[in-house]
Amino acid sequence: MTTLTKKGGRKGEEGITWDVFAQGLWRDNPVLVMLLGLCPVLAVSNSAVNALAMGLATTFVLVSSGALVSLLRHLIPKQVRIATYIVIIATFVTIVDYLIQAISLDLYNALGAFIQLIVVNCIILGRAEAYASRNTLGRAVVNATGMGIGFTLALLALGSIREILGAGSLFGIDLFGKGFEPWVVMIMPPGGFIVLSLLLVAFNWVNQRLDRRVEQSEGCGHGS
Amino acid sequence: MSGSHEIRHAPKTSPWPLIATLGGVAMLSGLLVVAVYQFTKPIIAENQRQAVARAIGRVIPGAVTNRAFRLENGRLVPAGPKARGEVIHAGYDAQGRLLGIAAKAGAQGYADMIHMLYGYDPVSQRILGFEVLKMAETPGLGDKITTDEDFLANFPLDATVENGKLKHEIVTVKHGRKRNPWEIDAISGATISSRAVGKALNASAQRLLPIIRSQLDVLRRNGPGTGGEQR
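Chains as they are written, first to last, in this note's numbering: chain A, 44 to 267; chain B, 2 to 232.
Honestly, the hints are just simulated from the structure, not real lab data. The reader is advised that the hints may include incorrect statements.
[Stated by the list, open to error] No more than 27 Å apart at the CA atoms, straight line, and that leaves these computed lysine-lysine pairs for BS3-like:
hint, chain 1, residue 1, chain 2, residue 2
1, A, Lys121, B, Lys13
2, B, Lys13, A, Lys221
3, A, Lys221, B, Lys175
4, B, Lys200, B, Lys105
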C-alpha cells in the first residue's frame with residue numbers, strides 16, 4: 044500500500060535532496076536535538092578514539108539496516124515489522140562486533156558491552172520505523188548516512204572535550220606535557236553529563252541566534 | 002449504505018505470510034552473520050594470539066619464543082597453542098634458553114575482575130612485572146595500575162619458594178609503607194585496584210610457583226626446537 048503526499052506524488056518517492064542528508068547533521072541531530080541513544084553517548088565518550096569508533100559502528104548499523112529495511116519495505120507485513128527490524132538490526136550489530144574484533148582487540152575491549160548494545164539504540168529502530176520503511180533505498184541510505192555522521196560528530200565533540208580536559212591528550216597524543224594536572228572527573232561518568240549539558244546549551248544558543256537572524260532578515264524583506 | 006452502523010472488523014490475516022517473512026529475514030540474517038563470522042574468525046584468532054604473545058614479550062623481557070604448558074594433576078604437560086584449561090607460557094631467548102614463565106592471574110577490582118598476565122623469573126625467583134589483559138577500573142584512578150611509575154617500580158617482586166610454598170605472602174601495603182621486596186606499595190587514591198593486583202599475584206603464585214619450581218627441567222627440556230613453539 045502506498046500513500047499519496049499532498050503534492051500528489053507517492054510518499055517516499057521524492058528525489059534525494061540536500062535536506063534528506065543534512066537533517067541528521069544539524070536540524071534533527073540525534074544527540075543534540077532528539078536526545079536519542081544517550082546511554083552509549085555518555086558511556087563511551089571518555090576518549091576521542093572510543094567516540095569515533097562507536098560513532099562509525101553505529102553509522103554502519105544505521106546505514107546497513109536502513110538499506111535492508113527499505114529494500115524489504117513492501118514485503119514486511121505491518122504486524123511483524125518491529126520484530127523484523129530488530130532481527131535486521133541485531134544482524135548488523137553482530138557483524139560490526141566481529142569486524143571490530145578483527146580490526147583491533149584493544150578497541151573492542153575499550154568499547155566493552157556498548158557495541159552489542161547498539162541493537163537497542165533508539166536512533167536505529169527509530170530511523171527504520173520512521174524513515175527507511177517509508178522511503179526508497181537511495182533516500183533511506185542518504186538519510187541514515189546523515190544521521191550517522193551527525194551522531195558521530197556529536198560523540199566526537201563530546202569525546203574530544205572530555206579527553207582534552209580529563210587526560211590532557213587528544214587521540215592519545217599528549218597535548219600539555221607532564222606539568223598538566225588532568226581534570227579526572229571529565230573522563231568519569233559525571234564528566235559526561237557536565238560536558239553534554241554544556242554542549243546542549245551551546246547548541247541551543249547558536250540555534251536561537253540563527254533563528255533570530257532568519258526572522259530579522261525575513262522582517263526586513265517584508266518591510267522593503 | 003447511509004445511516005447503517007456496521008462495526009467494521011479488521012480483516013483476518015493469515016499467519017503464514019507473517020511466519021514466512023520472519024523466517025525469511027531470520028534466514029537471511031543467519032547467512033550474513035555466518036559469512037562474516039567465517040571471514041573474521043582467522044583474523045580474530047590471529048589478533049588474540051598476537052595480543053597474548055605481545056603480553057608475554059612484555060612480562061618476560063628478551064623472550065623471542067614461547068611455548069604453552071598445561072597444568073594436569075599438578076604436572077606440567079607441553080600443550081598446543083589452542084590448549085584449554087590452566088595454561089602457562091614459558092618464554093625462551095633466541096638460543097632456546099628458558100628466560101621466564103608467564104601465567105594468568107585475576108582478582109576482583111573496584112568495578113570488575115582484573116585479569117592479568119605476570120612474568121616470573123625462576124632463577125632469581127622474582128615476579129618481573131604484569132600486563133593487564135582485561136579490566137574495567139575507573140579511568141584516571143584505578144587504571145593507574147598500568148601506568149603509574151611508582152606503582153610499576155614495585156617490580157621485580159620477591160616470590161621465593163620454600164618448602165613447597167611462597168616464603169613470604171605477597172601483600173599490598175598502604176602508600177609509602179613498603180619495607181620488604183615482597184610488598185606492593187599501593188597507589189594513593191586507587192587502593193582497591195592496587196590490593197587486587199596483590200591478591201591476584203599472591204593467589205596465583207602460591208599455587209603455581211611451587212609446581213613450576215619443581216618442574217623446571219620439563220620447561221627447559223621442551224623448549225624451542227622440540228616442536229609447537231609459538232613466535
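* Taking only the CA atoms, is the gap from B:Lys200 to B:Lys105 under or equal to 27 Å? -> Holds, at roughly 13 Å.
* Does A:Lys221 pair with B:Lys175 here, judged by a C-alpha cut-off of 27 Å? -> holds (25 Å)
* Holds or violated: are the alpha carbons of A:Lys121 and B:Lys13 at most 27 Å from each other? -> holds (13 Å)
* Pair hint B:Lys13 and A:Lys221, alpha-carbon separation not exceeding 27 Å -> Roughly 72 Å separates the two Cα atoms, so the pair is violated.
When each numbered hint is compared with the structure, a violation occurs for hint 2 only.
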